[in-house]
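Peer 1: Sequence:
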Amino acid sequence: MTDDTTSVLDVAADCSLVRVEVGERAEYVATVTIDRPDARNALNDQIREELKAVFDAMADDDAVRVVVLTGADEAKAFVAGADVRELRERGVVEQREASERPRVYEAVADCPKPVIARVNGHALGGGCELAQACDVRIAREDAKLGQPEINLGIIPGGGGTQRLTRLVGPGQAMRLVLSGELIDATEAADIGLVEEAVSPGELDERVDELAGKMASKSPLALQRAKEAVKAASRLDLDAGLDYEKELFVGLFATEDKDEGIDAFFEDRDPEWRGR
Numbered sequence: 002m003t004d005d006t007t008s009v010l011d012v013a014a015d016c017s018l019v020r021v022e023v024g025e026r027a028e029y030v031a032t033v034t035i036d037r038p039d040a041r042n043a044l045n046d047q048i049r050e051e052l053k054a055v056f057d058a059m060a061d062d063d064a065v066r067v068v069v070l071t072g073a074d075e076a077k078a079f080v081a082g083a084d085v086r087e088l089r090e091r092g093v094v095e096q097r098e099a100s101e102r103p104r105v106y107e108a109v110a111d112c113p114k115p116v117i118a119r120v121n122g123h124a125l126g127g128g129c130e131l132a133q134a135c136d137v138r139i140a141r142e143d144a145k146l147g148q149p150e151i152n153l154g155i156i157p158g159g160g161g162t163q164r165l166t167r168l169v170g171p172g173q174a175m176r177l178v179l180s181g182e183l184i185d186a187t188e189a190a191d192i193g194l195v196e197e198a199v200s201p202g203e204l205d206e207r208v209d210e211l212a213g214k215m216a217s218k219s220p221l222a223l224q225r226a227k228e229a230v231k232a233a234s235r236l237d238l239d240a241g242l243d244y245e246k247e248l249f250v251g252l253f254a255t256e257d258k259d260e261g262i263d264a265f266f267e268d269r270d271p272e273w274r275g276r
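Quick note, the sequence shown lines up with residues 2 to 276 if you use my numbering.
By construction, these hints were calculated from the structure, which means they are not laboratory data. Fair warning: there could be bad hints in the mix.
Pairs of lysine to aspartate or glutamate, EDC-like flavour, derived with a Cα cap of 20 Å [claimed, not checked]:
no. : residue 1 : residue 2
1   : K227      : E196
2   : K53       : D63
3   : K214      : E272
4   : K214      : D39
5   : K77       : D143
6   : K218      : E260
7   : K218      : D243
8   : K227      : E206
9   : K231      : E196
10  : K214      : E228
11  : K231      : E107
12  : K227      : D257
13  : K231      : D111
14  : K227      : E245
15  : K77       : D39
16  : K53       : E101
17  : K53       : D15
18  : K218      : D268
19  : K77       : D63
20  : K53       : E28
21  : K214      : E260
22  : K53       : D111
23  : K53       : D136
24  : K218      : E101
25  : K214      : D243
26  : K214      : E22
27  : K218      : E245
28  : K231      : D243
A quick note: this is a predicted structure, and the numbers were derived from the prediction, not measured.
Based on the sequences and whatever the hints tell you, model everything.
Peer 2: As structure tokens, this is what we get:
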């Protein structure tokens with residue numbers, strides 16, 4: 002982070018519905034908490050703007066290597082969905098403007114650092130889409146997930162027809178989107194919507210373990226690995242292999258590559274410099 006770069010904690014200090022902590026779970030791990038318990042953490046315009054500002058600052062903050070995104074536990078939800086009152090008040094013009102990219106979903110998905118969704122309760126509609134924008138999803142086994150927009154006479158508009166299909170396949174995506182039915186996290190893990198479903202008492206332990214393990218790696222390698230894996234769903238195999246090769250070769254110009262190999266031979270923990 003350069004001298005003229007604002008830290009994510011500075012940005013979060015101006016937010017009222019989004020909280021950020023750094024280092025509470027593990028060194029170099031930031032926890033971003035959506036804090037609107039009176040509305041079950043439903044996404045309104047203010048939360049969207051605050052999340053976008055926080056994730057924009059996250060990209061250049063050297064104190065952060067991994068991000069955990071979650072909802073305030075008091076709400077008993079990750080994100081219960083979009084703010085339906087706001088949707089009701091919008092016409093085509095207003096919604097087209099609100100749907101212009103980059104939205105909060107792209108801000109999360111395009112973060113250069115790994116983002117883990119700590120799904121501590123219901124993730125419905127826009128909340129399910131927000132979880133899908135993360136890189137890894139760890140959920141309480143009793144959490145409910147789904148895309149119930151069809152019940153309101155609309156369809157998912159935050160990536161739910163696209164990211165969901167890439168995660169679970171077209172058949173399962175059709176089932177969830179066309180029926181609006183909700184599934185628990187155990188079934189979500191079975192079909193690939195979340196990576197793991199754990200008991201409520203194990204959620205923090207597992208999230209902290211995974212986030213800490215990621216954060217202990219070279220920040221440059223983390224970023225390049227994320228870029229390479231994300232490219233797999235966007236490129237054909239030959240183009241993807243070429244892209245992976247370039248990212249791999251590029252790391253040979255870094256100090257972290259030499260430090261990692263030296264630490265391996267010297268049987269010690271590496272001291273990453275991020276350069």
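Peer 1: Hints first: check each against the structure and report whether it holds.
Peer 2: These are the hints, each one checked on the structure:
1. K227 - E196: 16 Å, holds
2. K53 - D63: 18 Å, holds
3. K214 - E272: The hint holds at about 14 Å.
4. K214 - D39: 34 Å, violated
5. K77 - D143: 11 Å, holds
6. K218 - E260: 11 Å, holds
7. K218 - D243: 24 Å, violated
8. K227 - E206: Not OK: K227 and E206 at ~23 Å, beyond 20 Å, violated.
9. K231 - E196: 16 Å, holds
10. K214 - E228: 19 Å, holds
11. K231 - E107: Between K231 and E107 the Cα gap is close to 13 Å, so the pair holds against 20 Å.
12. K227 - D257: 17 Å, holds
13. K231 - D111: 10 Å, holds
14. K227 - E245: Satisfied, since the Cα-Cα distance of roughly 11 Å is no more than 20 Å.
15. K77 - D39: Since the Cα atoms of K77 and D39 sit roughly 10 Å apart, the hinted pair holds (cutoff 20 Å).
16. K53 - E101: This hinted pair holds, its Cα atoms lying about 13 Å apart.
17. K53 - D15: Holds, at roughly 13 Å.
18. K218 - D268: 16 Å, holds
19. K77 - D63: Not satisfied, since the Cα-Cα distance of roughly 32 Å exceeds 20 Å.
20. K53 - E28: Not OK: K53 and E28 at ~23 Å, beyond 20 Å, violated.
21. K214 - E260: Roughly 18 Å between the alpha carbons, so the hint for K214 and E260 holds.
22. K53 - D111: 11 Å, holds
23. K53 - D136: Cα-Cα ~17 Å, so holds.
24. K218 - E101: Since the Cα atoms of K218 and E101 sit roughly 35 Å apart, the hinted pair is violated (cutoff 20 Å).
25. K214 - D243: 28 Å, violated
26. K214 - E22: 18 Å, holds
27. K218 - E245: Distance ~19 Å between K218 and E245 Cα, so the pair holds.
28. K231 - D243: 14 Å, holds
Violated hints, in rising order: 4, 7, 8, 19, 20, 24, 25; the structure is consistent with all others.
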